[in-house]
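Chemist: We have chain A; now place chain B onto it with these hints.
There are 2 protein chains.
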Amino acid sequence: MSLSNIKVVLVGPLYGGNVGSICRAMANTGLSNLTLVAPALTLNYAEARMMAVAADSILEGRKEVSTLEEAVGDCGLVMGTTARLGLYRQHARTPREWAPRILESAAANQVALVFGRENWGLTNEEIAICTNMIQIPSSEEYPSLNLAQAGMVCFYELFVAAGVFEAVGEKTPECPTRTREHMFTMWREMLLAIGFMDEEKADHMMLGLRRIFCRAPLTEDDVRILMGVARQTMWKARQETRT
Amino acid sequence: MSLSNIKVVLVGPLYGGNVGSICRAMANTGLSNLTLVAPALTLNYAEARMMAVAADSILEGRKEVSTLEEAVGDCGLVMGTTARLGLYRQHARTPREWAPRILESAAANQVALVFGRENWGLTNEEIAICTNMIQIPSSEEYPSLNLAQAGMVCFYELFVAAGVFEAVGEKTPECPTRTREHMFTMWREMLLAIGFMDEEKADHMMLGLRRIFCRAPLTEDDVRILMGVARQTMWKARQETRT
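Protein chains in written order, with our numbering: chain A, 1 to 243; chain B, 1 to 243.
Chain A on its own, in the form it takes in the complex (with noise of 0.2 Å):
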């Protein structure tokens, strides 16, 4: 499984709140390899456990090297992030367009995706071991994410080319037009027995509830409950008549 093959490097993180939370977003999207690059001397590892939650394992498992051509010796893609542009970083294309390159790369090979600094990102002399760059689609008016935003966006691309995740979608078939005519007939009937309409108005008001119904695509169970209400709306009606 590619996910597995992919590594994420932090180099000189600062804050235990963002290795965290990288841990945790890490966890949430099928990742579990990561290596410090040089963390901060004073970062807080009891913050980090505390925004890791349950992905304390990845928190406690992770590597820690001092240069980030150690991180990476093993790596064939070396991924870059970057929100700046210039120098070194005019050739960054999104993660959404890089996601089918990197699965393809870990499908038999280490992929590191490296992430900088909080306040300063990487170095030119850092990027310059990078194979690739990435760059995450960002307002210009505040361009910079934060470091665990960073990791978030690019994790949940990977995970989402992967195709592990399938949507529960819904659980029962569109309804077929026998039914779901059957269901207006009904309805039609209804309407006229509670005196919401009369017989000559009767083709025009279900033309307005036939566009209501139909603007999204109704389900069989969708139409069962329809066909409840008018059943029941007919049998109440029916037992006020005789009262």
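Just so you know, the hints here were simulated from the structure itself, not pulled from any lab data.
Which stretches of chain B does chain A cover? Using the computed rule of at least three CB atoms under 8 Å from a CB of chain A, they are:
# : region
1 : 15-25
2 : 46-55
3 : 131-143
4 : 146-157
Just so you know, these numbers come straight off a predicted model, no measurement behind them.
Built from N, CA and C at the ideal position, the CB exists for glycine as well.
Modeler: Frame of chain A, contents of chain B only:
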């Protein structure tokens, strides 16, 4: 512009750090309208300001109300978010699937993105007020995202779908064959001149070099650099021969 009609609604947030991170993520993705529904009395606003960084104007400009109904009273679409699936949540779709629908609606209407409490999400009563539900793709083993991370993913998907962001891309066009072939001719001469290969092996070796240089697109700038290398090497090789 659609994004300005989208309001972010946090129901009962507990932690200032998350509220601040949400503000920064909003600023990163062109959103600015924040409403808090009954925030925790213990919510740490100093922490919120710290995490909002340059997005403190969104934090200061927030509205506070006591119920979700008040918060979304003026909205057409009310999109709830959920990590769990189950009762009332089975019709959830991913943020990427919803993004076009949300932007279409936000072109002419107020739209709400609703996020539940950190520890408990949204109640069934709150979910009932939502017109639709968003589920963020995440690992089965740890599906629950941090509040601000869930926000980031939703905002990011809307920002990308809005098409505001334009990738920088290459500044020079891809190199046309004529120029590229000229470069290969120079390299052939150069590699013969330095004795890297002899005439007999040259064609075979050049196929290897063509494969390396053509594996990814070559721009005119790239080819100019490669021509420069060949030219300088030939010059140096000639100097050496003379001495």
